[in-house]
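Trainee: Each chain is listed here by its residues.
Number of protein chains: 6
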Amino acid sequence: MLLIVFLFALIFSSSSHAADFCVAKLKGAGSPAGYSCRMPSRVTVDDFVFTGLGVAGNTTNIINAAVTPAFVQQFPGVNGLGLSIARLDLAPAGVIPMHTHPGGSELLYVVEGKITAGFISSSANVVYVKTLGKGDVMVFPRGLLHFQVNAGENNAVGVVSFSDPDPGLQITDFAFFANDLSSELLEKTTFLDDAQVKKLKKVLGGTG
Amino acid sequence: MLLIVFLFALIFSSSSHAADFCVAKLKGAGSPAGYSCRMPSRVTVDDFVFTGLGVAGNTTNIINAAVTPAFVQQFPGVNGLGLSIARLDLAPAGVIPMHTHPGGSELLYVVEGKITAGFISSSANVVYVKTLGKGDVMVFPRGLLHFQVNAGENNAVGVVSFSDPDPGLQITDFAFFANDLSSELLEKTTFLDDAQVKKLKKVLGGTG
Amino acid sequence: MLLIVFLFALIFSSSSHAADFCVAKLKGAGSPAGYSCRMPSRVTVDDFVFTGLGVAGNTTNIINAAVTPAFVQQFPGVNGLGLSIARLDLAPAGVIPMHTHPGGSELLYVVEGKITAGFISSSANVVYVKTLGKGDVMVFPRGLLHFQVNAGENNAVGVVSFSDPDPGLQITDFAFFANDLSSELLEKTTFLDDAQVKKLKKVLGGTG
Amino acid sequence: MLLIVFLFALIFSSSSHAADFCVAKLKGAGSPAGYSCRMPSRVTVDDFVFTGLGVAGNTTNIINAAVTPAFVQQFPGVNGLGLSIARLDLAPAGVIPMHTHPGGSELLYVVEGKITAGFISSSANVVYVKTLGKGDVMVFPRGLLHFQVNAGENNAVGVVSFSDPDPGLQITDFAFFANDLSSELLEKTTFLDDAQVKKLKKVLGGTG
Amino acid sequence: MLLIVFLFALIFSSSSHAADFCVAKLKGAGSPAGYSCRMPSRVTVDDFVFTGLGVAGNTTNIINAAVTPAFVQQFPGVNGLGLSIARLDLAPAGVIPMHTHPGGSELLYVVEGKITAGFISSSANVVYVKTLGKGDVMVFPRGLLHFQVNAGENNAVGVVSFSDPDPGLQITDFAFFANDLSSELLEKTTFLDDAQVKKLKKVLGGTG
Amino acid sequence: MLLIVFLFALIFSSSSHAADFCVAKLKGAGSPAGYSCRMPSRVTVDDFVFTGLGVAGNTTNIINAAVTPAFVQQFPGVNGLGLSIARLDLAPAGVIPMHTHPGGSELLYVVEGKITAGFISSSANVVYVKTLGKGDVMVFPRGLLHFQVNAGENNAVGVVSFSDPDPGLQITDFAFFANDLSSELLEKTTFLDDAQVKKLKKVLGGTG
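Protein chains in written order, with UniProt numbering: chain L, 1 to 208; chain V, 1 to 208; chain C, 1 to 208; chain P, 1 to 208; chain B, 1 to 208; chain X, 1 to 208.
Careful, some of the hints might be misleading.
Any copy, or any two copies together, can satisfy a pair, since identical chains are not distinguished.
To be verified - Straight-line C-alpha distance at most 30 Å; calculated DSS-like pairs for lysine-lysine:
id, residue 1, residue 2
1, Lys188, Lys134
2, Lys199, Lys25
3, Lys199, Lys188
4, Lys114, Lys130
5, Lys27, Lys188
6, Lys134, Lys201
7, Lys134, Lys202
Since the hints were made in silico from the structure, they are not lab data.
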């Protein structure tokens with residue numbers, strides 16, 4: 001028996017992170033596969049638990065909505081495990097604007113309320129849109145433009161999971177209007193009118 | 001313009017499934033990467049929506065619990081997209097017995113009630129266990145033994161997402177006692193007493 | 001010797017597609033990993049050669065540009081090999097509008113002329129833009145919004161390779177304005193003015 | 001010629017680890033893809049050779065068996081190469097108890113003696129069991145419960161290879177009974193009787 | 001209980017191949033990820049067992065050696081499981097000539113005798129060579145040129161496992177001299193003398 | 001609005017490398033998935049641009065050819081993005097000798113001149129060879145022996161892209177003759193005559 005125990009100790013002394021999990025050292029440099037692993041001896045159950053999604057995000061903002069993420073930066077325990085999660089809060093008239101996740105697919109589960117959600121295919125620009133009720137699920141394939149809006153008169157809450165610990169989030173309006181991309185280039189590459197561009201740059205804090 | 005439109009039509013006429021999605025033909029043979037794709041022209045938004053998780057599973061059974069899956073077999077739209085989802089219903093005293101998912105990691109989100117959940121590492125057999133409240137999240141790394149039990153006096157509901165469209169589910173008790181594995185082999189390889197094995201084979205319908 | 005030859009014949013009689021290549025049967029259903037393989041015995045060198053990129057695309061269109069793809073749908077030999085290629089033609093004032101490739105990263109090589117290219121990060125919406133000359137290379141990370149415009153007075157030609165045989169192409173303007181997505185939903189999720197939306201729907205053939 | 005040689009030197013000066021191999025720095029933190037690479041200049045042929053599997057493991061223990069691993073922790077040369085290996089020694093009546101490898105599939109090659117091996121599917125809990133002789137091979141799919149027992153009267157020796165440098169090993173009995181998992185939780189989630197649990201906790205050093 | 005059993009039946013009715021295994025339909029077309037799956041109901045334990053490696057290959061040939069493969073074409077059970085295996089027989093003076101496996105890394109385990117094995121790095125063309133005894137293991141990184149020769153006076157036997165079900169095998173001499181590649185092209189691209197080329201084409205059955 | 005901006009800052013403060021890109025720290029140790037990431041704050045557009053391919057490589061050498069790589073070692077921006085690129089210059093009679101890329105597939109685009117290119121399958125040693133003109137493309141599957149020779153009377157230029165940031169390059173002649181592999185072993189494993197081996201070792205600087 002002792003020998004066996006000894007052998008197992010030997011086999012697994014330093015292997016946990018690879019065989020089982022790899023809790024992220026967020027300060028580390030990271031690699032294409034994710035963050036470096038914390039030593040298993042330093043890992044506790046709390047690294048695998050995230051408690052931030054129980055409270056509603058603050059929706060007093062222009063989109064009447066909030067996204068509360070539990071991606072690897074907030075939830076180091078998912079590093080290397082191929083998924084992550086976030087909470088959506090949509091006040092009445094709340095909107096999660098058109099966006100993509102460059103790194104993964106998304107599954108929306110409606111916890112409360114009514115949400116109209118949709119995505120657009122890259123091939124034929126087909127729109128797939130549906131109004132979902134409590135308990136309904138919709139999948140958004142990786143990298144495609146999609147959106148969610150509150151379809152009811154009360155608050156709506158959704159839980160979204162992703163096929164990557166760090167799926168990324170690119171909101172088209174922020175990408176176009178919340179930076180210093182020159183209006184000239186932006187107008188050339190989006191066919192948007194100068195007035196429209198200037199107006200939204202102002203709202204979203206863009207320059208140029 | 002016409003040429004462009006024409007070009008895009010040409011480029012993407014048959015490529016949707018690969019670039020965007022691959023809704024499963026469940027009757028097809030399947031491959032190591034998943035099921036064959038339905039032709040994009042035959043795909044509608046309803047292939048990306050699953051409505052079965054809004055209703056509670058029936059928990060009047062020996063575990064006082066139910067699992068309602070939206071894996072690729074129930075939800076063909078997730079084929080090839082790297083994730084799937086299921087609903088857990090735990091009546092008071094409800095238990096999801098010790099099990100593993102050979103094909104993926106799991107994220108539990110507590111929708112309602114209190115759930116005590118845990119997993120066991122393969123390396124040092126360390127137990128990571130925690131009681132979770134509404135809105136809490138816990139991650140269970142791929143392939144490791146884990147469990148969930150109702151920790152309150154009321155019903156508990158969880159939503160679990162997986163890093164694979166078909167994660168599999170191996171419940172240790174079912175693997176040991178719900179088939180024709182000979183009691184002799186089973187006792188030799190589990191150290192369980194003959195009486196214990198016979199008793200559980202009876203409960204779970206095993207033979208041999 | 002004979003035996004050896006015989007053994008090799010035996011070993012590899014039917015394995016080519018897996019070990020070496022998997023030329024696509026485009027009519028087949030496809031799977032998440034790509035198209036089914038043509039039988040090696042039916043494969044010739046011409047399946048690995050694409051001759052369509054030698055001629056300029058027709059740029060007499062509203063963007064003064066053309067994309068000529070050699071993705072798996074045009075070039076079945078790249079199926080399963082992790083890359084594909086396309087030719088860009090940019091007449092003076094030519095523009096490849098803002099777009100993403102949901103399925104892969106892109107490398108641009110400037111064959112002729114001057115091209116201003118850029119992409120926008122999802123994290124901080126940082127713009128990475130540069131004017132490239134003949135022989136310069138720029139990489140665009142998977143799934144991020146990017147664009148290319150002719151920066152000179154003559155034609156510009158680029159060759160772009162992708163990290164996937166079927167990277168997909170989602171042009172933001174086509175996704176927004178070239179389909180039946182309702183103006184109301186579009187305006188809600190993009191903050192664009194009704195006049196702007198109507199105007200571009202007209203140009204790009206959208207309805208709703 | 002010199003130029004060529006110079007170019008190659010330039011090209012590959014620091015690339016070996018990525019293009020060819022990545023011998024593990026075991027003291028490093030590791031990442032989801034494995035351990036950091038030792039500098040190629042510090043690598044010798046001995047990093048690619050493991051000499052520990054020539055000697056029989058000590059089988060004087062309760063299972064009359066021993067596992068001698070050459071996983072990445074013992075054999076740093078396999079880091080990032082997608083496989084590893086181990087030696088099984090089974091004295092008469094020797095048993096490798098029910099276990100899983102969360103990280104990979106396994107191939108057993110019988111070097112000597114007779115071994116009865118089996119695995120259980122997750123889907124229908126089907127048992128696949130067979131008695132193997134010298135030179136026979138059996139494959140155990142990733143993550144599924146499996147076992148090996150000596151089926152003869154003499155020593156049996158097996159070599160097992162894995163589809164991962166660090167497949168992990170979770171022995172059900174050790175996961176259940178060799179730690180501080182509370183008997184109450186264990187009994188609830190396994191349906192095992194209290195007496196059985198207490199008995200095996202005693203044998204395997206568990207508490208709680 | 002019944003409900004549970006019913007639910008599991010529902011969940012897993014058609015999912016085995018994906019969650020657990022995918023035994024190859026060798027007559028099927030195959031895909032980049034491997035062959036199509038046989039229906040689980042048609043699968044038996046014999047699909048996971050290969051019995052051909054117990055007998056020595058016939059080494060009465062010019063290399064005094066034989067390779068007996070259990071790749072996916074011979075052993076359909078490994079399809080999609082990320083590994084395969086083969087037996088090497090080396091009579092005295094036996095040689096496995098310089099070769100690569102385009103699809104995977106290799107682990108050699110010496111069952112009997114003495115084998116000198118080596119590989120050459122792509123970066124700096126460094127030779128890693130060692131003489132191995134019974135029970136020794138050596139790893140050969142994916143795609144690199146390597147060889148094995150009998151280093152003793154008796155037969156040597158090795159078992160080699162691969163990180164892919166269909167690793168492929170490209171023997172340099174067969175690639176150069178056992179086909180119709182024109183001597184002119186071959187000499188230009190290998191710097192070999194015409195006499196040498198003609199001589200080996202004759203031995204290995206090449207033309208042109 | 002402020003809250004939203006704040007949230008995004010929070011979400012993405014340290015996530016860029018994972019979600020978007022991972023510019024290589026070349027001095028870092030590296031991992032099986034590539035080099036460590038530079039901090040996004042230290043990254044500029046120039047990390048995504050490579051300007052070295054605009055000038056012809058020096059072809060005054062024994063092969064009358066030159067390879068100018070933009071692999072991850074020269075072009076850190078491609079780290080983790082699944083592709084890389086290089087320029088081929090072939091003077092009249094120029095030759096890129098028989099070689100493999102252990103880590104990836106290759107796409108050749110002919111920018112100028114005429115190139116005869118070919119590869120050899122591992123299965124049946126079938127030769128796939130073709131003479132390509134300006135604008136033609138040919139794909140070379142991962143790990144297979146291939147070559148390119150100038151088929152015209154003028155300079156030929158090609159651009160080759162790869163399905164990996166660090167595909168590696170193993171030139172058979174360099175692997176055989178440009179190191180200290182003993183002539184005896186080399187002759188045994190290649191069937192080449194001693195005179196031929198000695199001659200080429202002399203040309204390519206080999207010893208032993």
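Trainee: The structure should be examined with respect to each hint, and the outcome stated for every one.
Mentor: Right, here's what the structure says about each hint:
1. With identical chains, the CA atoms of Lys188 and Lys134 are at most 30 Å apart between copies only, with a shortest distance of 22 Å across copies and 42 Å within one.
2. With identical chains, the CA atoms of Lys199 and Lys25 are never at most 30 Å apart, being 41 Å at best within one copy and 40 Å at best between copies.
3. Taking CA atoms no more than 30 Å apart as the test, Lys199 paired with Lys188 passes in both settings, with 16 Å inside one copy and 16 Å between copies.
4. Only within a single protomer do Lys114 and Lys130 lie at most 30 Å apart by alpha-carbon distance; the minimum there is 10 Å, versus 32 Å between protomers.
5. Proximity of Lys27 to Lys188 under the C-alpha cut-off of 30 Å is found in neither arrangement, the shortest distances being 40 Å within a copy and 38 Å between copies.
6. Taking identical chains as interchangeable, the C-alpha atoms of Lys134 and Lys201 are never at most 30 Å apart, the minima being 36 Å within one chain and 33 Å between chains.
7. Proximity of Lys134 and Lys202 under a CA criterion of 30 Å is satisfied in neither setting, with 37 Å inside one chain copy and 37 Å between copies.
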